[in-house]
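J.: Using the sequences plus the hints, can you model the full thing?
Spelled out from the first residue to the last, the chains are:
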Amino acid sequence: MAHSHESNTKRIWTVFGLLSIITIVEVILGIAKPASLHDTHLAQMNLLNWIFIILTIVKAYYIMWAFMHLEGEKSSLRWSIVAPLVFLIIYLVFILLIEGNYVFEVFGTAHNYKWIF
Amino acid sequence: MAATVTTTATTTGKTWGGGNEPMGASYGKMMMWFFIVSDALTFSGFLAAYGFSRFKFIETWPIADEVFNHFPFMHGVDAPMYYVAFMTFILIFSSVTMVLAVDAGHHLKKTKVAIYMLLTIVGGFIFLGSQAWEWKNFIKGEFGAVETKGGSILQFVKMGENGKYERVALADFAATLPTDRVNKVRSNGIWFEETAALPTYSVEEVKEGLKAHPEVLVRTEKIVKKHKEVLSREESLKRIEDATIVVEGANLIRNEYGHKLFANFFFFITGFHGFHVFSGVMINVLIFFNVLLGTYEKRRSYEMVEKVGLYWHFVDLVWVFVFTFFYLV
Numbered sequence: 016m017a018h019s020h021e022s023n024t025k026r027i028w029t030v031f032g033l034l035s036i037i038t039i040v041e042v043i044l045g046i047a048k049p050a051s052l053h054d055t056h057l058a059q060m061n062l063l064n065w066i067f068i069i070l071t072i073v074k075a076y077y078i079m080w081a082f083m084h085l086e087g088e089k090s091s092l093r094w095s096i097v098a099p100l101v102f103l104i105i106y107l108v109f110i111l112l113i114e115g116n117y118v119f120e121v122f123g124t125a126h127n128y129k130w131i132f
Numbered sequence: 008m009a010a011t012v013t014t015t016a017t018t019t020g021k022t023w024g025g026g027n028e029p030m031g032a033s034y035g036k037m038m039m040w041f042f043i044v045s046d047a048l049t050f051s052g053f054l055a056a057y058g059f060s061r062f063k064f065i066e067t068w069p070i071a072d073e074v075f076n077h078f079p080f081m082h083g084v085d086a087p088m089y090y091v092a093f094m095t096f097i098l099i100f101s102s103v104t105m106v107l108a109v110d111a112g113h114h115l116k117k118t119k120v121a122i123y124m125l126l127t128i129v130g131g132f133i134f135l136g137s138q139a140w141e142w143k144n145f146i147k148g149e150f151g152a153v154e155t156k157g158g159s160i161l162q163f164v165k166m167g168e169n170g171k172y173e174r175v176a177l178a179d180f181a182a183t184l185p186t187d188r189v190n191k192v193r194s195n196g197i198w199f200e201e202t203a204a205l206p207t208y209s210v211e212e213v214k215e216g217l218k219a220h221p222e223v224l225v226r227t228e229k230i231v232k233k234h235k236e237v238l239s240r241e242e243s244l245k246r247i248e249d250a251t252i253v254v255e256g257a258n259l260i261r262n263e264y265g266h267k268l269f270a271n272f273f274f275f276i277t278g279f280h281g282f283h284v285f286s287g288v289m290i291n292v293l294i295f296f297n298v299l300l301g302t303y304e305k306r307r308s309y310e311m312v313e314k315v316g317l318y319w320h321f322v323d324l325v326w327v328f329v330f331t332f333f334y335l336v
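Protein chains in written order, with the numbering used here: chain D, 16 to 132; chain F, 8 to 336.
Keep in mind the hints are simulated off the structure, nothing from the lab.
Bear in mind the structure is a predicted one, so any value in this text is a computation, not a measurement.
Don't take each hint at face value.
[Said to hold, decoys possible] Derived DSSO-like pairs: lysine-lysine, alpha-carbon spacing no greater than 27 Å straight-line:
id, chain 1, residue 1, chain 2, residue 2
1, F, Lys119, D, Lys25
2, F, Lys156, F, Lys218
3, F, Lys171, D, Lys48
4, F, Lys191, F, Lys229
5, F, Lys314, F, Lys119
6, F, Lys156, D, Lys129
7, F, Lys235, D, Lys48
8, F, Lys165, F, Lys214
9, F, Lys235, D, Lys129
10, F, Lys117, D, Lys129
11, F, Lys233, F, Lys156
12, D, Lys48, F, Lys229
13, F, Lys117, F, Lys171
14, F, Lys229, D, Lys129
15, D, Lys129, F, Lys233
16, D, Lys129, F, Lys245
17, F, Lys233, D, Lys48
18, F, Lys165, F, Lys147
19, D, Lys25, F, Lys171
20, F, Lys116, F, Lys314
[Claimed, not checked] Partial pick of chain F residues on the chain D-facing surface, computed with a CB cut under 10 Å:
id, residue
21, Ile43
22, Ala56
23, Thr67
24, Val106
25, Val292
26, Phe295
27, Phe296
We put the beta carbon where it would ideally sit given N, CA and C, even for glycine.
T.: This is how it looks when you write it as structure tokens:
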């Protein structure tokens, strides 16, 4: 390689610390399941699940940016990778979850047949 | 040799002269990113399908904490999450050693690269072993259940000393009846047919056992206020009449934990991820030997380590999502 690289070891260990802390927080919350979070709903999902999903995305960010070194790539490459993923995944999840919920409601409201009993 | 080193070509002012690197990434790195993006979409498809099925059966889906609650050397202790948390740490840590190997590669420190690669490989093997153990527990099952004629799973509980219901294994209450059940194998089967192994107890034995043990109650799949619904004694005795099959552990057709799709998705998604980890370890081993042989030292470039590193981090990335959606949410 023509261009020189600085050593990133400090950054790597910081990110490892962050990822560990996030995982520990997730595990503690997952075991304790505080009722205040578990029973409060925001947009049809309880706060605990919102926290888990947000923490997961934070973890994904650090893995992709620090470990996969996207922070050092050109922004055109970054966008080429992140934009299709974000757009397609949100689109897919949105459609499938809405549809799943709809099927659930059909099962619940149709009294003339039983599904699993 | 030159053909494999794309980064040494001079590119100034010769856009179409070969050796150009769009978006500042070498050919190999770019192709690895192509692969990772498409593989990420594949995994998203699986997880979204899992979400679809889960939303479809949201009121009867198994509760993960009650399924994955084993820890090595702690038999019978309810330890939800600890084991998968351990697996997550193993994978994150092996990602760290991988990125340290890449970092050492940038400074052309051969020994350091080799040591970190070796640690990454060891981490990969520990993760694979852990997953095998997890699968073993899942397939073997712990308590057993019965399936009704309508395809739902009935589990058994009794009131524990702490005022909470606790699970009862079939072995703890099933009666022993004289039976003429025969496990048909090829040697005594009709033509070349053989049947699956018979469960330890017959449905009749479970029914009789339930009648004889007044403290045992039936627990259904239905979730009421975040817990599985437990039937009263009368309802339990009535409900058990629907039982058709005794289910122990899990296979691709039915499982003792609840909805059939639960085990199917578990096997498929963690299996597909485990397959990725396995391939990752194999590729890491290959690159590790190349490092030892000095292949990259001769090239004066450890970019190959960086490329397998990308794949290895991707495997870690997928696990972060599997961990959330299978074990946490």
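J.: Now tell me if each hint is right for this structure.
T.: Taking the hints in turn, this is what the structure says about them:
no.: 1; hint: F:Lys119 with D:Lys25; in the structure: holds, 16 Å
no.: 2; hint: F:Lys156 with F:Lys218; in the structure: holds, 20 Å
no.: 3; hint: F:Lys171 with D:Lys48; in the structure: holds, 17 Å
no.: 4; hint: F:Lys191 with F:Lys229; in the structure: violated, 35 Å
no.: 5; hint: F:Lys314 with F:Lys119; in the structure: holds, 17 Å
no.: 6; hint: F:Lys156 with D:Lys129; in the structure: holds, 12 Å
no.: 7; hint: F:Lys235 with D:Lys48; in the structure: holds, 16 Å
no.: 8; hint: F:Lys165 with F:Lys214; in the structure: holds, 16 Å
no.: 9; hint: F:Lys235 with D:Lys129; in the structure: holds, 20 Å
no.: 10; hint: F:Lys117 with D:Lys129; in the structure: violated, 65 Å
no.: 11; hint: F:Lys233 with F:Lys156; in the structure: holds, 26 Å
no.: 12; hint: D:Lys48 with F:Lys229; in the structure: holds, 20 Å
no.: 13; hint: F:Lys117 with F:Lys171; in the structure: violated, 58 Å
no.: 14; hint: F:Lys229 with D:Lys129; in the structure: holds, 14 Å
no.: 15; hint: D:Lys129 with F:Lys233; in the structure: holds, 23 Å
no.: 16; hint: D:Lys129 with F:Lys245; in the structure: holds, 18 Å
no.: 17; hint: F:Lys233 with D:Lys48; in the structure: holds, 11 Å
no.: 18; hint: F:Lys165 with F:Lys147; in the structure: holds, 22 Å
no.: 19; hint: D:Lys25 with F:Lys171; in the structure: violated, 48 Å
no.: 20; hint: F:Lys116 with F:Lys314; in the structure: holds, 17 Å
no.: 21; hint: Ile43; in the structure: holds, 8 Å
no.: 22; hint: Ala56; in the structure: holds, 7 Å
no.: 23; hint: Thr67; in the structure: holds, 7 Å
no.: 24; hint: Val106; in the structure: holds, 5 Å
no.: 25; hint: Val292; in the structure: violated, 20 Å
no.: 26; hint: Phe295; in the structure: violated, 19 Å
no.: 27; hint: Phe296; in the structure: violated, 22 Å
Consistency note: the structure conflicts with the earlier hints numbered 4, 10, 13, 19, 25, 26 and 27.
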